[in-house]
Every structure is written in structure tokens, then in C-alpha cells.
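J.: For reference, the chains in residue letters:
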Amino acid sequence: MKRPTSTRGKAYISFIVVMIILAVIQPLLPPYYRFLLTEIMIYAIFALGYDLLLGYTGLLSFGHSLLFGFGCYGFAWMMRFYGMPFWPALAIAVIVTTALAAGVGAVCVRTSGIYFAIITFIFSFVLFYIFLSLVPITGGDDGFTFIPPPVDLGFISLEFGPVMLYYLALFWMAVAYIVCRRIVSSPFGRVMLAIRENDMRARCLGYNTYGCKVVVFMMSGLFAGLSGGLFAYLNHFVNAHYFEMYRSLFVLIWTMFGGVGTLVGPMLGAGIITLLTDYLSTLFRMQWGGVHLIILGIILIVITIFLPKGILSIPERVRRRAKKEA
Amino acid sequence: MVASAVIASGILNGVVWGLIIIVISLGMCLILGLMEIVNMAHGEFYMAGAVVSFYIVQWTGNWWLSLPIAFAVLAVMGLGWERGVLKHVEGDVIRTIIVTFGMSLIIMYTAHLNIVFGATSYRIPNPVPFNIVLPWFTYSGFRTVSGIIAVAILVALLLFLFKTKFGLWIRAGRTDKEMTSAMGIDIGKVSVATFMIGSAIAGIAGALVVSVAAVNTYMGMEALVYAFLVVIIGGLGSLKGTVIAGFIVAMVDSLGGILLTPLWAKVILLSILIAILVFRPKGIYGVWGE
Amino acid sequence: MKYSLTSEKPAERRNFLKYAATAIVCGVVAGVGGYFGGAAAVPAGVETTVTKTIGGAGETVTATKTVTGPATTVTKTVGEEIPAPEGAPIKLGYQNDLTGMLDLFGRSQDVGFHSAVDYVNELGGIDGRPVEAITEDTEGKADIGMEKFRKMVLEDGCVAIMGSTSSGIVTASLPLAKEFKIPYLSVGAMSHRLTGGTPGREGFTDVGNRWHFRLVSQVATQVAGYKEYGFEHIGKKWSTMYWDYSWGQSHDYMWTEAADEYGGEIVSHIPIPLGTADFYPYAAKIPPEAEAVYPVLLGAASIGYLTSIHESGYDRELGFVICLLDGIEAETLAEIVEGCWTIEYYPRELEGCKATGMGPETDFYRERCRIDEHGFIQPEGWMATNSHTWPAWENVFMMKEAIENTGWKSAADNELIIKYLEDDLMLKRSKAYPLGDGWLRKEDHQGLFPHWISKLDSNGRVEVVEKLPVSKIAYPVPKGVDYSTQEL
Amino acid sequence: MASEFILETKGLTKAFGGLKALTDVNLTLRAGELRALIGPNGAGKSTLINHIIGRLHPTSGKIFFKGEDITGIPTYKALGKGISSTFQTTNVFPRLTVRENVWIAAQSPAKRRLNPLVHYKSLKDVEKQVDKVLKWVHLERIADEPAGERSHGEQRVLEIALGVATEPDLLLLDEPTQGMAAKESVDIARLVKLISKDRTIMLIEHNIDFVMQVVESITVLHNGSILVEGTPKEISDNEQVQKVYLGEE
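Chains as they are written, first to last, in my numbering: chain D, 0 to 325; chain C, 1473 to 1762; chain W, 87 to 574; chain V, 25 to 273.
Any given hint might turn out to be false.
[Unchecked claim] The list that follows gives simulated cross-link-like pairs (lysine-lysine, BS3-like), each with its CA atoms no further than 30 Å apart:
1) V:148 with D:9
2) V:145 with V:207
3) C:1661 with D:308
4) V:86 with V:105
5) D:9 with V:145
Derived from the structure by calculation, the hints contain no laboratory data.
Just so we're clear, the structure is a prediction, and the values are computed from it rather than from any experiment.
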């Protein structure tokens, strides 16, 4: 696992460059890939929050779809039932999700390791089931749509549209990244690392690790809620399947694929995996279904075995290889 | 109000189904306990067992024959995956989760191709064509038989674990890897064996339900959820806990299905889980935690 | 029927690169197209339907008017030498669930869709332009379904999207269809709400819009069709047993309403968690006084249900089995399905079709879709979900008809297609519409067509008991629903 | 009941099931004292310390720190009171650098220690403290290397550094020289003397020579109760103590 301090400066610069590039190339993108990129940037926020939990605090959550889906529903409900404008709805989505994370976290964080993973998984599973059967409120597996309101910036109100969504997602991803960066390099970030490395010792050094873990879980819930709200806004649709397990799995995969504990990695992972899945499924669209998923499985296994630290560790490996030869 | 006969048969079914769930979960429990691998592909092994058994019945028409064959095939499969893939990531919980998930994708969707099994669901004709008729209610003969078989498997497994040298190694490895390997036992070998047994048991469980529940390529997911529930309530890697938890889960499902709505059954399961978490964070008989 | 099939056909079906070749070949096979359309008169049943359910003379006029609609197509093709299709291909997208819980349906639809497109190309394409079939896999997930919808429209430039089997995906895609002004012909999604629905009871019922048509049976048509037979011939006291999510819940309460209507009674409602493996507890829950069971299950679940019912020694009538046997080889269930009814939206057995007066069109359709006389897709030999294969086939021809009769030139004219289709379009029996007697209702864009009540015998063969004419299927238009008045 | 004692245990008793680990331990420690706690294995030395830092809760009896009852406080509160401890088994943050290790300790008493929104380098006083401690323990040269990759001796030193960095009033060292070569333990001795200048220290030690040359007073624990207390001289002359140790041999 990379130490955040060492990559900090580099990450910042490359991030700013990437931001500028993303902002500039938007007009050049074909509409579909502009949409896909928007989606990816929203996923990236989700992955960021997840990395705080897994990469920096060492808590392997396996039910993050719970928080993501709840963010989606929080936003959609505000739209659907109260016809709220964009910002309040988003705020409420985030708050509600964070609150839920506090509750679930308070129970789950009592455990650690595999227990934590499985328990969070069961939580998300049961909530998925409940949402599936409470059709009048949630729409069950049919879900429901809503009219996406414009984003009001005070001086100007932006109509709902692909370009606006793109920059909205970009903006929030930038904010999320900067906030996460700040969190992990804050005193609290040190404590998170301490907990990841040696919970008991951290406790003996005067840190209430239980409380800290709950807070971290809430933080990652906050980002999940934000990304969920934006996702619901993007698709102006929610259904119970947003709670399904594959989402929890994929955020884990993004994180590991990109490089756990390096905020950039998970975002990168989200992008690559999403594009890869999309490409494969189109490549095999004339065959019987499932071929692309088989191939995805193979790729996952290969990457996980040969790149344990994710693709971000490639340059480092190359350097080490070079050093060995020299 | 529900008739007493219904409740009685519900309880009986809870027991039988509980036994099947236990057989499913035991494999996972072993693997989790010794190798600390959360086997996301466990459900797929169970599904594969069902598919194998289905084809055996198709070709030979003999369900009993399919039990040992499913066992053997899945054992070999387990061996392959362990040696080929898992041993590269052993000891790293997160990576094993991703790798086993990859495995489950591969297994599930390979079975899913029309040339292998396809998307349809099949059932094999009931190999035990009689029902157990008591004066006040009847119960399926086949379920009873599969319950008995499940018990047999349990007993066999326990004998293996507690009476043979190999079983001793497995249990030793579960409590303290370092010590065990220090005693000159090849922990790698033990792991392989454990994984093989674990998947083989899942396979037999699959063969057991072929006639009760239909075979299709998605049956694995549900089984996985049950296995997780059982393992977590029972306490990771604890055989005793797994058995008890298996019965609890099956009973809540069975009776909850009869007396309440399934929604409530699920809610109750969750509350049991939370209660256990709060009062016994290591599960009923947890043997190891962090 | 002699079922002949050349071995390389299946490969051809799936390989869209071969369409060019097909186009050149089609001059030779042009003769086949000679029958396209046919001159069958509109069956009386349909006329009465229109007047009966909608009422008012005006509609009767529209009805007769639309009858002449296809006729124009006929004159186009009959006897002429068909030129090879040329020019930019017209792309039809299929948002298909090739994986996921509903893939069973998706795969059969894939066959129907591609067979239809091949045939259309042999007929000289649509409006002289070749047709390109594009399928994307939704994995049965709403978000991916939406991705694919966008991809097929924005990347591939499809002029129309045919729909998914998952109501969730369709619900999600409806606003997109409106946004992109793309005709969206959903196939298989059975939620009542997509074309109206009952406010309150079914949660959110304002999902449908003018760009969406649904040519498939759904909760309302199913209940409308079967309630009479069910309560008259099978029993008064019913017990419903349904998957505890929107589709099942809709069925549950609509059947309950039907019970009140026919003086029947629902003695117990038994919801079943999605993905239950063991149905025994629920089967045991059926009260003794229930004369029949109304199960709302699919695929593996229905097998589990039937097994458990059988095991629990339930000896009374096994009532309607909505979609229960879709894609399941009933033969393998012989002893446990004996004497249970099912509903078909297209008879599985060829005899069933013949017995209810379906002609050579059915043979033709079955041959093109490689469906043998027992409903298996050959040569792979897997059981098709016959109730969902033909809508995939007919949708393609609906597009062909609409485009060729409206002078549609490019996606800019999509409104013409909508106007044409929603004009109480009659799908009269022909090679294009093998089922026949179909009717796209103007107000809620719901496709209405005959259903079949069948009974299973001791070898698990499905025998048609009765064919229900459209007049029985056509449930009243949900209150306040009239998409044709929405602006385009 | 404020008193001249910084630490005071009153009738501390701990029973694990039937087995009594501590029986009626009355230990008093003056401010500024450097006390060794010796005794054969299983005498209950570590158990006693674990009680003081709140990792174990006594069956009966009380613990007073600066006259305040701290019996059964959660571990993380103990440090807030000014009690810090090191561990018998090396117990650092392996994948973090030595500096980061010390930082986490030094940050613990700081005011904004849990602030998630400022950069950690903005805690200047903490930074100073870290440098100071690193200089003390002579670990600057390896400051930026992962602690887990350093030698056992260096990790033991780091252990002590972690204990000191929090500026505790009472420092509990559990076998500082455990598994160390003689030469290294000399360094430790020097280090312990150095840090004992301005704080109270109680250390557990098996290495008697080390104890003799370092500490001012010794408490001998035997079978969970205090056998005798006194200066190194007295203790070494005490034949009771010798019996205990010989008896153990």
C-alpha cells in the first residue's frame, strides 16, 4: 500500500492537469462517451469515499451499495415527493446517507476484518430486499422517474443537459478529490493510518479508534451519498437494484484495480473498468450474453494476481526492476 | 390462523432445509476458518454441483449416482482453482475476495452459455417417489431423504475432522498456522485439501437440491447469501456455530414464511444478526477475529 | 409440419456482417416476399373490440381506416421483383437482457428480432434500404440498460429501440425515448404501469409516454383475459402466490379486484421473497378451503413452486400459472404439472396454433425463427419463451410498415412513425404479424392480441383449451391516460 | 483524596476465572520516581500495568492517579490523563515511517489532533516535539524508513519513543530491553535515565543488571502480590527475593 505522503505532490499536479484536460476536451467527445465520462466521474466520487475507508483505515466494506443506493433514493424522493430544487435535494441526500452511515457504522465497526465485510454485505442485502418489496414508496424493481430540475447557481440557472451534467460531475469530482486529499493528509488522516496499521496501539496512544472508525464510515457515506445523488440526477431514475451487491463489488474492484490507498487509483480504476466493461459488452454483443463477463472475470483475476497494488504501482515496479538490473 | 399441521410441517421443513443450508455453509466455514478466504465463488460451486448432478441424471437416469460424481467433480474443480489461482493470493483477504468474485463470474457465465447449460431452468424427476404420510400431515419423502443424506455428510465430515490425522492438521491450522507449519506440517497441502473438501461439499449440496429447487445458473447467489448469514451468525470458522446458525436461519425463513410475511422474516434475520453483533461480536462460537 | 433447417443458418442469424451478403442473395429469394402482407380480412372479433371497448362511431372509422394501412404495403411488394436494398442502412436497436434474471426471455427475443431483420432484408429492406440489427446486453440492470439505450442511439444511430423484458429498464428508458425522440417498442416488460396502471396501488404510474409502445401481454391483459374463465370454470375460492415485488403485487391485487367482480374470493395472499429456493413453507401455507392457486412466478421459481405444491400433497385444482412455463420444458415436470392451467400469448405446440385457426403464416414464422413444432429453438434445442419471441418479430415489421407508409426519410421524421403506430393500428394476420388480430390501442399504446388458455396433460404437453379473442383481453383504458394527446 | 503519590493502587485484585493474577496489590509511586517492577514470570507484572492503562479491569480494588480514581477507564482515556506505556512485544505501526510513528504519538495530546481539515504539518508544536524525540532517541537517520523494516533494537527504541513522545507524567515501560544484545541495552539504560529526568517511570524488567544500574527503587511482585519493596541494594540482599528467584530457577 503506497504511503500518501510520498505521492502527495505528484498527485496534486497530475490531478490539476487532468482536470484541465477533462474540462477542455469536453466539446471534442462524442455524445455517448461524454455521458459515459460523466457517469465515470460520478463513480469516481463513490470510489474516493470508499478508498478513505479501505485504503486509509483498512476497513473492508462489502455493502457500500447500501450507501450509494440510499443517496440515490434520498435525492429521488426529494425530487419526486417534495419537488425540491437541485441543491437542497442534493444536500438532503448527502445528509440522510451520512446519517444512515452513522447508524450502520456504529453497529458494524464493532467488528473488523472479514466480519466487517460480511456484515456490511448482509446489511445491504436486507435493505435491497426491503426496498424491493415496498413498491408504493420505492417503486420496487420498476423504480420511478422524476423531472430533473435545473441547477440554480444564483446568478444563472443551468438547464438539465449533457454538457451541464458533465461539468457538474467534473466540479464535484474535483471538490471530492481535494477534500479527500485534505482529509488523508490531516491529523485525522494520520490517525486513520494508525488505525489501519495497528488498532490496539492507536488506542493505547490515546485515540478513540471506535469513534474514529465510525466517523470515517460516515465520511465515506457522505461521498457515497453525494455520488448517489448525482447519479440519480444524471439518470433521473432510481430503482431498488441500485442496492444490488454488484455495485459494492465493483467499487471494491475499482479501488483495488487502481491502487488501494492512493486516492487517484480508485478514480482511475472506476474509469478503466467502466470503459472496459462497456467495450467488451459491445464487442461481444452479437454472441450469447455473458461472454464479456467471463472475460471481465479473467481480467480481474490476472490483474489482482500480477498487480497486487493496482495499476498505479506499475511505474514504481518498473523503477524497481530497473534498479535491480543496474 | 395457521393450522398446527402446517406449523409442524414448517418446523420439519425448517430442520431439513436447515441441514441442507448447513451443508452449503460448512464448506465456506472450513475455507474461511483455515484459509481466511471469503469465497465469493462458493455459491457457484454449489450451482456447478447441481448442474453436474442434473447432467448425470439426464444421461444415466440415476440420481444417487450423481451424488458421488458431483462430489468428485467439484473436488477436482476446487483443486484446479486453488492451485491455479487462489494460492497466488492466499492470506490477503481483499484480493481473495476479488479473485473469487472473478471465479464466480467465470463459472456462472460459462455455465450460462447455451452450449453448456443455458438460461433455462430444469428439474430432475423426484428420485424418491413416495411421501411420508402421517395421520395429520404429509411430508415429502425426497426432502426427508436429502435431510438424512445431509446428516450423513455432516457426520462423515466431523469424523474426518476429529478422527483422522488430516482433520487434526486442518483444525490445528485453523487455530494457529505458524505453530502448525512449525510442527512440520505442510500448511499448503492442508489448504488445498480444505478447499477441495469445501467445494466438494458445496457440490453435494447442489446435487441435493436438484429435485427440490430447480437448477439454474443463478441459484448460486442466494446460496451465497445464506452461507454468509450462517457463517457470520455462527461465528467464523466454528463448526458448532455453523450448525446451530444454520438451523436458526432456516427456521426463521421457514416459520417466518408461514406465520409472517417474508419481509418480516428478513427483518427478523437482520435483527438477530445485529443482536448477535452487539452481544457476541465473534458470533455464537467465534474462534478467531482480528 | 416438415421442419427443415440448413445447418449454417444459426450462425447466419447471429452474424450481422453477413447482412450485406443476405442483401445480394435476396434478389433470388425475392419470390418469398410475394406473400408479404396477404389479403386476409380483419377478423370480426377486432371490429367488435374497437367499438366495444372504446365506443363511439369515430373509433370505428379509424379502425376500418387502419385496416387499409397494411394494404398499401401489400400493393408495394406483391409480385414485384425486389431490388437489393441499398443506401445507408436503417439501424434498429435491441435493448436486450442477454444476461441477468430475465435472460431467458432476452435470448428468445434475440432470435425473433434477428430472424425478422434477416427476412426484412430478403424482402428488399425497409423502403429499399438495408436494415441493420443491433443488440446490446443490459445485464438486466437499469443503469446499464440506460447506458446501452444511449449508446445505440448516440453511437450507432439507431432509429428505433426495441425494449427490454425488465420493467425497471423500460421505466428508466422511457424518458430517454422522449428526450431523443426515438420510438421505443418495449417487449416483455409486464408492469401494468408502463401503459397507465392504477394510481396509488402500483406506486408511480405516470411513467408511460407517447414515444413508447408495448406489444406484449401484461398484468392487466392477463387478468382481464383469465378472470372470466378462472372464476367460472376453475373455482371461486383462490389463493394467490406471488413474487413480492411490483409485478407480483400488481397481479395480486388485480386478481383480487377480479374476484370481487365475479363473486369469487381470495382466501389467502402469499407473497414470496424474490429468489426463494425453497417454496415448501409457502406451499404449506395454502389454506385447505382454497379451490385454486394463482401463482405469479417465473423460471426456476415456478419449478420450485410446482415441486413444493406437489410435495405438500396439494390435491386441488392448480389454477392459472402466469408465464409459469415460459422457457421451461414442461415435459420434465410431467407428473407435477398434470392438470394445471397456463396462459400462452402464443401457443407453444404447433397443434395449438393450428387448432385455433392460425394458418401458414405460423409455419413460416416458426421456420424463420427456427422454432420446432414443440416450441424448441433448433438446432440448439432449448425451449424458447414463445410468448416473447413473436413480439420481437412483429415489432420489426411494425417499423417497416410505419416507415414505408409515412414517407419517413430520417430520424427527423420519427414523429410520423409514432402518429402512424398510435392510430389504432391493426396487426392483421400475415407473415409479418403471425399472431394476427393484433391491435395497438391509441390511448395507452398497449398492444392487444389474443391469449390462449391451455391445460397440461400427464406428459406435460400443453393443450390449448380456449382461445380468448381480443375483445376479452381489451381491458378498459386506465383513467386519464391518453398519450396520443401529449405533444411530441 | 489528593496525596503525594502520583500513582496509587488500593487492594487491586484480578481473577481470571479461578486463577488469581493479582491479589490485594497496594502499590504507591511518588512523582519523579524511577521504579522497577520485577518478579518471576507470571508474577502479574504486565497484568498490573494493563490495569493501570485500562486494558484490563480489576475484579476489586481501585487505582488512583494524581489522587483521581481512574479504575476501569477506557484505554484511550488513560493517555489523556498522562499515563503512557510501551509493550513487551514490539508494537509499532509497521508500514509507516519512523517519523510518522512518532508523529502519531506526539499528536495525541495536541489540541487539533482529530481535525480532518487542516494539513498535519500545520501542527507546528507537534512537529517540534517529533524532532526533539527523534533526536533524543537517535533515530533521525532512519526517520523516513518504514518502521517494520528496521532491526528489533531500533523498534524497541521506537517503542520507547512512542511512549515518551506524548509527554506523559507517568511512563510504563514493559521490558524495554526485551530480546536485546547487551550493548543495545546499555543505550536503552542511558535513554531511560535521560527521559526519567522530568517524569515518573515504572519499568518491568527481567534483566536484573539493567535494573540494578538504572533504577532507584524496586518492587518485587510474586504470585500476584507485592513481596517486598526497596532500593536495589536492599532487594539484592533480601534472601526472600533470592529464594523466589532461585526457586524459579
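J.: Taking each numbered hint in turn, which are not upheld by the structure, reported in ascending numerical order?
T.: 2
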